[in-house]
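There are 2 protein chains.
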Amino acid sequence: MSDSDPSLSGTLLKETALAPWRSSLARALHRNRSRPYSRYFQLATVTAAGHPANRTVVFRDFLPHTNTLTVVTDQRSAKVADIAAHPWAEACWYFTHTREQFRLAGPIAIVGATNLNAELQRARQTSWEALSDNARQQFYWPHPAQPRDPEADFSPRDAGEIPPALFCLVLLAPDRVDHLELRGDPQTRTLYDHQSDGTWQVKTVNP
Amino acid sequence: MSDSDPSLSGTLLKETALAPWRSSLARALHRNRSRPYSRYFQLATVTAAGHPANRTVVFRDFLPHTNTLTVVTDQRSAKVADIAAHPWAEACWYFTHTREQFRLAGPIAIVGATNLNAELQRARQTSWEALSDNARQQFYWPHPAQPRDPEADFSPRDAGEIPPALFCLVLLAPDRVDHLELRGDPQTRTLYDHQSDGTWQVKTVNP
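Heads up: the sequence lines are chains A and B, in that order.
Take the first sequence: its position 182, counted from the start at 1, is 182 in this note's numbering, and no numbers get skipped.
Take the second sequence: its position 10, counted from the start at 1, is 1010 in this note's numbering, and no numbers get skipped.
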């Protein structure tokens, strides 16, 4: 998948009503807000070799007027290559205070510096502006996962308002959401499936 | 992969010295022990269709004298089919108190009721015995992810010392471990790679 695949950009950007799982997720974010790590989730992708890969990422926001989740990454990160090979992901988001899990699976795309879609470039710019100075620093660090050079320069620098070329936005547009609430006896599990007509099928299932 | 694949059983059971990442993981478990969810991690697999799947599981223990992690599952769970199709996984384990992440990737196997390896059956039995009464109940519940029948029987039952046929042990034998410590400026990242001679290569890399 090129990072300017027009059909996928269309899916990710499509203005849409709030999906029915959005209110449950918003409630979980609110009720767990005192724990900063409640904004972290684990993002699973498939490598070019067909192996699963899994890492913790920080939820940034939804793309405006869509149900698309955004995170940010460095172009040099292995997840960029994974997504190029297999543009599909499953996020697993566990909230420790309310003891509930959301699994969100769907197409995923990278928006890098060379993406030609103006609306996606605006979203990339907005995400950069929203980053803390501290979070911006890592985009100026040496190549991730390469051997550490004791002389390497990790000193803070003045990151401007223009995103560096390595800064990428990652877009995940869930197609299926699996919400499990461990509290309650038995537990409550709800599946949300995106239908081809754009609506969501909601089912209560066995935990 | 059959659940009694002899070569994989050999790998998973092989008595071995403690891998060098074990002390860091043991320290993280100890330092985060006041938070019960520190024993949960996210397990990524690949479905038969080639999509990533990701869910929270509970770390049970290491298989004795090995570096193999164990979790338990229901034979009817989707992860059993995933692992049959692609016997490889990556666990992502984030410790919220010490702010560190372990990614553990390697071959994964299911040990079900029909597995013929005596040592693995003993491990399965031991895992069942170590489960709380509450955790045992779910193996008697109706089929996971099937539509919830309001009349379905979720009432507690007296689970005995014999594991039910649906009870499976899951074994993950990490081949590569990626340990990231967010505390510190810059962060510290260590890669552990299992070599063909059984030793581990340890490298400090850029975060």
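What the hints contain is simulated information worked out from the structure, not anything from laboratory work.
In this text, all values refer to a predicted model and were calculated from it rather than measured experimentally.
Do not take every clue at face value.
Computed Cβ-Cβ distance ranges for the label pairs, DEER-style [unchecked claim]:
1) A:H30 / B:D1149: 53 to 61 Å
2) A:R122 / B:A1049: 30 to 38 Å
3) B:A1145 / A:T98: 20 to 28 Å
From the three backbone atoms N, C-alpha and C, an ideal C-beta is built for every residue, glycine too.
Comparing the hints with the structure gives:
1. A:H30 / B:D1149: 53 to 61 Å: 32 Å, violated
2. A:R122 / B:A1049: 30 to 38 Å: 34 Å, holds
3. B:A1145 / A:T98: 20 to 28 Å: 21 Å, holds
Consistency with the previously given hints fails for number 1 only.
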